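Q: Could you build all of it, start to finish, from the sequences and the hints given here?
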Amino acid sequence: MASIMTVFGIMMIPGEISADSNQVTITSIDEKISLEKTITTMNVPQDNKLPWGTIRGEASDVVERYPIIIQFYKGEDPVHFAQVDAKGDGSYEYKFRVRNVDLETGEAINIFEGDYTVKIYKVIPNINDLA
Numbered sequence: 018m019a020s021i022m023t024v025f026g027i028m029m030i031p032g033e034i035s036a037d038s039n040q041v042t043i044t045s046i047d048e049k050i051s052l053e054k055t056i057t058t059m060n061v062p063q064d065n066k067l068p069w070g071t072i073r074g075e076a077s078d079v080v081e082r083y084p085i086i087i088q089f090y091k092g093e094d095p096v097h098f099a100q101v102d103a104k105g106d107g108s109y110e111y112k113f114r115v116r117n118v119d120l121e122t123g124e125a126i127n128i129f130e131g132d133y134t135v136k137i138y139k140v141i142p143n144i145n146d147l148a
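Residue 18 is where the sequence shown starts when you use this note's numbering, and the numbers rise one by one after that.
Heads up, some of the hints might be wrong.
Distance windows between CB atoms, simulated [as the list claims (entries may be wrong)]:
#, residue 1, residue 2, range
1, Thr-122, Gln-40, 38 to 48 Å
2, Asn-39, Leu-67, 38 to 48 Å
3, Pro-142, Lys-66, 40 to 50 Å
4, Glu-81, Leu-120, 39 to 49 Å
5, Thr-122, Thr-42, 37 to 47 Å
6, Lys-104, Ile-56, 17 to 27 Å
7, Pro-142, Leu-67, 30 to 40 Å
8, Gln-63, Tyr-83, 33 to 43 Å
9, Pro-142, Leu-120, 42 to 52 Å
10, Pro-62, Gln-40, 16 to 26 Å
11, Ala-76, Leu-120, 10 to 20 Å
12, Gln-40, Lys-91, 10 to 20 Å
13, Gly-123, Ile-46, 24 to 34 Å
14, Ile-46, Thr-122, 40 to 50 Å
FYI, nobody ran anything at the bench for these hints, they're computed from the structure.
Note that the coordinates shown come from a computational prediction; the quantities given were computed from them, not determined experimentally.
Glycine residues also receive a C-beta, built at the ideal position from the N, C-alpha and C atoms.
A: Right, dumping it as structure tokens:
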């Protein structure tokens, strides 16, 4: 059985955003499935020049028909939520804008800047029978 641990990465090419995996918890939903919650931190430097960020998860066991939920928080305040489907191998990728340009003024606007908490939720099959 493939590993249920998600490898979490936030990247920009070249990578200026950093992420550290902090905590993974698994909570049983019923006898067949559980909810895996990964909490990590993300730092976007103030001098960031790149427009996109990416969250990627490595191949793992996920339950079909359940999307992966990604939540960004600045302190306790919710900032951005996303939902992505897993690929056939259980991996996923979510691209998001980090920086934008005001078309009227040409001024660059940082959408994300500083420290964030990122929570990722996946529904996974139980590895142990709870019968």
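Q: Starting from the hint list further up, note which numbers the structure goes against and sort them upward.
A: When the structure is compared with the hints, numbers 2, 11 and 13 turn out to be violated.
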